[in-house]
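Novice: Now for the letters of each chain:
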Amino acid sequence: MDEAETFTARRLSLRRGEALREGARDGLPIALGYFAVSFTLGIAAKRAGLTASQGFLASLLCNASAGEYAGFTMISASAALWELAIMTLVVNARYLLMSTALSQKFAPGTPFIHRLLVGFDVTDELFGIAIARPGYLDPYYFYGAMLVAMPGWAFGTFFGVMAGNVLPTRLVSALSVALYGMFLAVIVPPAKKDRVVAAILPLCFLASWGAAKLPGISALSAGTRTILLTVVIAGAAALLFPVKEDEEAADEA
Amino acid sequence: MKPEIWMYLAVMAGVTYAVRVLPLTLIRGQIENRFLRSFLYYVPYVTLAVMTFPAILDATQAPLAGALALAAGIVLAWRGASLFKVSSACCGVVLVAELFLCR
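Quick note, the sequences are listed as chains F and E, same order.
Its first residue numbered 1, the first sequence is counted upward by one per residue in our numbering.
Its first residue numbered 1001, the second sequence is counted upward by one per residue in our numbering.
Be aware that one or more of the hints could be misleading.
[Claimed, not checked] Straight line, CA to CA, 25 Å or less: simulated DSS-like cross-link-like pairs of lysine-lysine: (1) F:244 with F:213; (2) F:193 with E:1085; (3) F:192 with F:244; (4) F:192 with E:1085.
Don't read these hints as lab results, they were simulated from the structure.
Starting from the given sequences, assemble the full structure and let the hints guide the process.
Specialist: Laid out in structure tokens, this is it:
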């Protein structure tokens, strides 16, 4: 390697290190929120007959709150494997939408392996911070967040199975809004620049509240309601207010 | 015969990964269709907003505490506070509010 190459390589690794650190920084509040949520998930895992290490493994491999919860319920009901597969698919179907949106954030020519690795942890929260970053997705930023968030999630489940109700309710209650706080930090600032987004957000709140209360639709699972509302509202917005190319470019600059 | 726990876990992990990784790996180019591009532009905001409310009211012991956290979160995020600040402020609001609202 000549000097110029060494220099480029060093700059590249510096930038990756920086992206990793930024990801870890943004992943920290996620990890805290995860810990609290997956702690309660661990209680459900214990009820389904899982040991602490099985709960740990389930969370490490699945990284999905509602999906895992549904899975544990199926396990306690001694469901067939195909039933579990369909249930898991339905409850996690919203990730199809998120991953599709995220597929557009990859820079052209990104090595394939990054898609395989990022795909392992497209959760509501990591998707949120990935979308909030302007420009193309830096996989190393995502990995930084994963490195912090995944242990939070897995160990939360582990301790949830082990310790059951040892964490004070007050603390669990407070920590459980951490994730929603993050969502707000992602969706509110763009509303200042984009009037359509500003109008959509209250509409989403209202529609979501209505869907949770109205007979019929409220009987659907929260995951299915999320998909329905997303398709309908985002679809209507796209029809009525198609995004201009330059607008999008400005957003990503 | 009841399947073993590890088989259950393998099915859960496999299906969950497939749901996430298939769109990422199958859709590798930029989507050109303007409607689809616009749709995908709006998806994150709609999905995250829909998941936040009214769920935040049920996350806390007292729904009012969740509502206060929501209001605080919106104001702080509007003023440009960082992810971490917004998130921890929401937790703080609930912690304090529930000192009064719950016993």
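Novice: Give a verdict on every hint.
Specialist: Going through the hints against the structure:
1. F:244 with F:213: Not OK: residue 244 (chain F) and residue 213 (chain F) at ~36 Å, beyond 25 Å, violated.
2. F:193 with E:1085: 21 Å, holds
3. F:192 with F:244: This hinted pair holds, its Cα atoms lying about 17 Å apart.
4. F:192 with E:1085: 19 Å, holds
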